[in-house]
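Knowing the structure of chain A, use the given hints to seat chains B, C, D and E with the ligands on it.
Protein chains in written order, with the numbering used here: chain A, 1 to 230; chain B, 1001 to 1259; chain C, 2001 to 2283; chain D, 3001 to 3283; chain E, 4001 to 4223.
Simulated from the structure, these hints should not be mistaken for laboratory data. Possibly wrong hints are sitting among the right ones.
[Stated by the list, open to error] If you only want the chain B side, here are some residues facing chain A, beta carbon under 10 Å, derived:
hint : residue
1    : A1124
2    : G1128
3    : G1139
4    : A1143
5    : A1149
By construction, the Cβ of each residue, glycine as well, lies at the ideal position given by its N, Cα and C atoms.
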Amino acid sequence: MLFGIEWDTSSAWAFAWSILPILLRGMIVTLQATVVGFVLAAILGLLLAMLKASHCRAIAWPARAITEFLRDTPLLAQLFFLYYVLPEYGIVLPAFLTGALALGLQYSAYTSEVYRAGIESVPRGQYEAARALDLSAGRIFSAIVLPQAIPRIIPALGNYLVSIMKDVPVLSVVSVLEMLNVARIIGDRTFDYLIPLSMVGGLYLIMTLVASAGVRWLDARLPKQGVPLK
Amino acid sequence: ADLDQIRERGVIRIAVANEIPYGYIDLDGTAKGAGPDVAAQLAERLGIGRIEWVATGFSSLIPGLQADRFDMVAAEMAILPQRCRQVLFSEPNSSYGEGLLVAAGNPDDIHAYEDFARNGKKVAIMAGADQLEMLQALGVPEASMVTIANNADAISTVSTGRASAYAATSLTVSGLADKSGRVEGAGSFRDPVVDGQPVRSWGGFTFAQRSEKLRDAVNTELQAFKQTPEWRAILTEYGFSEADAEGSFQRTTAELCTE
Amino acid sequence: MTDISTINDGVVAEGQSSLAEGDTTGREPVIRFDAVTKKFGDVTVLDALDFEVRKGEKVTIIGPSGSGKSTVLRILMTLEQIDGGVIHVAGKPLWHEARNGTLVPAGEEHLRMMRKEMGMVFQQFNLFPHMTVRRNITEAPMHVLGLSRAEAVARADEYLELVGLSDQADKFPSQLSGGQQQRVAIARALAMRPGIMLFDEPTSALDPELVGEVLNVIQRLAGEHDLTMLLVTHEMAFARQISDRVCFFDKGRIVEQGPPEQIMSAPREARTQAFLSGCLQPG
Amino acid sequence: MTDISTINDGVVAEGQSSLAEGDTTGREPVIRFDAVTKKFGDVTVLDALDFEVRKGEKVTIIGPSGSGKSTVLRILMTLEQIDGGVIHVAGKPLWHEARNGTLVPAGEEHLRMMRKEMGMVFQQFNLFPHMTVRRNITEAPMHVLGLSRAEAVARADEYLELVGLSDQADKFPSQLSGGQQQRVAIARALAMRPGIMLFDEPTSALDPELVGEVLNVIQRLAGEHDLTMLLVTHEMAFARQISDRVCFFDKGRIVEQGPPEQIMSAPREARTQAFLSGCLQPG
Amino acid sequence: MDWLNYLDPLLQGAWVTVQLTLYSTLLGGLLSFLLGVGRLASHPGLRWLSICVIEVFRGTSLLVQLFWLYFALPLAGQALGLDWRLPPVVVGVLALSLNIGAYGAEVVRGALQAVPPAQLEAAKALDFTPRQTLWRISLPQAIPEMMPSFGNLAVQNLKDTALVSLISLGDLAFRAEQIRNFTQDSTTVYTLLLLMYFGMALVLTALMRLLERSVGRWRATGG
Ligand SMILES: Nc1ncnc2c1ncn2[C@@H]1O[C@H](COP(=O)(O)OP(=O)(O)OP(=O)(O)O)[C@@H](O)[C@H]1O
Ligand SMILES: Nc1ncnc2c1ncn2[C@@H]1O[C@H](COP(=O)(O)OP(=O)(O)OP(=O)(O)O)[C@@H](O)[C@H]1O
Ligand SMILES: [Mg+2]
Ligand SMILES: [Mg+2]
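Chain A with its partners taken away, still in its complex shape (with noise of 0.2 Å):
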């Protein structure tokens, strides 16, 4: 019995069935930390991108070390940093923050070069004439550079948002009770990994292909009208 509902064994499909609704709870948490790794990504990501861009050496150059730094490490070695070692300094986030906080960590690393190549695609003659018309620094960033970025940044990040999806099981380590972890708690007491297992990953390759087939979507929604795109 997991989440109050029970498991019949009696056969194989019937054990299945019986665990999908249990999986799916599962399911409803692995979207949940996805959704809130790949908001925390976006932010942290664009706030890094901004670091990088600046003119000030003392700030462009950490930042891009830390960029660095997070790309390069395992979110499993992240993880375990920011749930055991933060607790030390007082800082006890419940196991699912803890979880979701890391990957955002992690991907804001890729976002944030995001966010670089999508403002670097706006071409020059863009922020020349926007000068030119005497438009100050922000309204060039907020009207003239952002919409015209973002047609092209949107669709690289829906790839990460499936690709942080898929990495949501690694949460599972720190007792987030992810797809993942309900399908290994369901076979550590039926001692039937067969059956949850290979659901969890038929499931994955559901929400992969829904995920990405809503980015392609997406991507062939997005209002670029007039946006030249390469």
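Chains B, C, D and E with the ligands in isolation, oriented as in the chain A frame:
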């Protein structure tokens, strides 16, 4: 693999689950604990020259046996009927009671497993451990349980308040409490009572279903070894009480498996 | 705010094909370069350049590729910095401002104020692709000059009418031909009512058959006596027709300058002769 | 394997500037198109084309862009399939093979055998950029003809000598000028000792000053009586000089053909006259 | 100093990580080519097999794959009366290499498709067989194109090896966990862990750059 093959190879693969004091691997990679120390003696008596220690998660012990990733488990795993359906157990090597690890000063004032059935606080258990069944039998709701992967994670989990207590055997609790000043064993602990009886566990060595010969040979040697003072010395060295040692003679595996 | 008068709102002499022969020699210089030097790395692009444009004057810059023509305009628009010398626009130093009586390097505030004097039309149009034609034109008046939406739209429509594109206001730039895009760019610059208009080869990215429409619009602007125009172009016949003065640039210096008839028909310098004989002179 | 003789190894008449006037009219046709039709989608590119080339003949194809000139060569090289008609090369059907007495669509084996008869030089050279010049030339002889490395290298050096690039053998294509690259491409095709050489505008991707070296090499090849050459080119003077026959293509058909003097100086068809008057005829 | 005591077991673990990375990157590279070429094969069976493998391994989580191979595969084998109990090292290398093989296949495919068609026509005109064209013309030109992506994949793979610690393989992350369990000294252990991974990644990146330069020599010399 069964006894003949192991003798032929000259190597037996024994798994432990990093649980002090039942079985764990220290910094130099050697196995220690009540299970491994006794197992080493038995292997010697069986004429098996070398032991390959395998450290793995507690919840991987039974799947690992089934998948033939090792020949024997020396983790003082509790002998329980539902486990007997999956694997073979030796006769009991030890017996132990329950305990609770809490943050220093016991801020949530916890003294029994039953407390969690009502107070809505969270209790940590290790993945695959039998405290789950006890808590379920005592009516602790699923939402109050936090599953951790590793015994030693309990210190962090409890001291940071991610759970109010860690439910484990008394020995595990005292071993962990010794390690860190931030946690302690819950004082005036009341043994959980299930089906009218205080809960006690009997730990033994574990084997795959097909390793019957190995299990029988281990049983023979274990019975003999338990008569020696060395056996008692090993158990007491790791914190088992006289009563725990005596207790191991009170039940047979056959009884425990059918209860 | 500025002592340069702006062109009269929407009042444009229709079909004006002859030249703005108004004598500007007596007027004050509205652009003045004194010994301006500009380098890119080791390459000296402008070499102690002295150069003046009077209020209302229409000046054309010609010269071989790489001679620094665009650089002059880009420096005026503060898109490039200078390495030496002083530039005055409308009597005020462009790159410096007076603070407590001494000249200090200009801050962004000062640069923004100076840029307000000028509008620029680029070779590649540089319209904002994600905005409709009308929003391209209203964006700066609303957010820089602080006009209300209604005022800005009224102004945009007025200039769209001027460039003959009233019916294209709601399209996106990518839906227009190159010539139409460039006319929108001109309307966009004019909507800020600058006293000085800078054109950097406004027709050279256009297919030959579209060049005419843009030249037509510029020619009409040239009829405005108060609008100062500085124009880089390879259209010699056109330069001859509209400009008060032609400057021939080479290697970051002015080799020769004077009335278009003199420069084009009877250049004094060998370098100018060689350059002009290389250009196929139409019409 | 083939009844087409190959050019004599490395024996090249030096400085041969006059023409190969050998009369080929009596010889058997080595290429024959019978009512060949080729479509791309709805567009008919070759329209029931009849066309013959005799062994040793040098034929130049001229005609406006899009008239199907390249298509003829690409079909011969089996880079494009045909939609109707029959082609014979060296007496054998190109796209069909006889099996049990009936003609069936050719398998890859047959096509490979037929391709061995021909070598092709592309407009864009298409050298293999990751191989040195020498390996570009030895690769096919070694792995297609089965020559030993030593034999292939000897052969490569011989043809490099022929095209005057002996000293460039160890460079990569990207280190050579366009003219040199095209000469390597010629050497590479020759090293397979084809009886027929196809050239598709071999000089049109070259800067004018590099055209000469390539034409020179082709002219020397034209001196080989046994080598059949089919050449698409816009170099009229050159075509006149080397070819036995000029074919004027338009809209997938041969409008007019004959000796170069007749076609170039006294074309009969209006279409040919119009085309030739459009070409600046040098020399 | 405590951390000196940790260094020895951590280095042992790091060596396991290095070996795992090496084997799975090599095997993964091989799989990339097989699957990438298979994806473009004219034989529909081969093509669909490649597509399925690529989609399954790209579409599921690596950890799910690891656990499936470790826990579920033996049971699946049992059900069929077969012995599919792979040693953990084999499971680790297999899962890691299938994973980067699937990602690498897309890189290989992209690079092969980027070879200019004119090169293939030139090869055909010289009478190369399709196989010779693939081996002698397409692949050599495509490989330098792939190298930067492969460099990223190799680093990704190094990071992913940390997950094998969860199936009890004594790699760097596993050793770190073990030491922390024993000493409860999280700060030191995990700081060392992160730094060691970072160091290994930097070395790996440098090596991949060298490799990239050496396979792309003909491009570097170009104009
Ligand atoms: N951002 C830059 N960095 C380096 N060199 C530059 C830059 N911009 C211009 N230059 C160089 O400065 C010189 C002058 O450039 P400029 O664009 O002013 O020439 P131009 O006269 O406008 O030429 P064209 O007719 O080709 O537009 C050229 O040699 C050019 O290469
Ligand atoms: N792969 C293709 N798909 C569709 N149409 C094609 C293709 N290749 C050629 N064509 C069309 O076939 C016609 C003949 O092409 P071909 O290349 O033979 O002309 P050409 O005489 O060689 O012209 P040019 O002098 O420009 O090389 C053209 O209209 C061309 O657009
Ligand atoms: Mg310019
Ligand atoms: Mg052609």
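Structure-based check of all given hints:
With a cut of 10 Å, the hint placing B/A1124 at the interface with chain A holds, because the nearest CB-to-CB distance is about 8 Å. Hint status for B/G1128 relative to chain A: holds, with the closest Cβ pair at about 4 Å, below 10 Å. At its closest, the beta carbon of B/G1139 sits 13 Å from a beta carbon of chain A; the interface hint therefore is violated under the 10 Å criterion. This hint holds: B/A1143 has a C-beta 8 Å from the nearest C-beta of chain A, less than the 10 Å allowed.
Interface hint at B/A1149: satisfied, since its Cβ lies 6 Å from the closest Cβ of chain A, which is below the 10 Å cut-off.
Consistency with the previously given hints fails for number 3 only.
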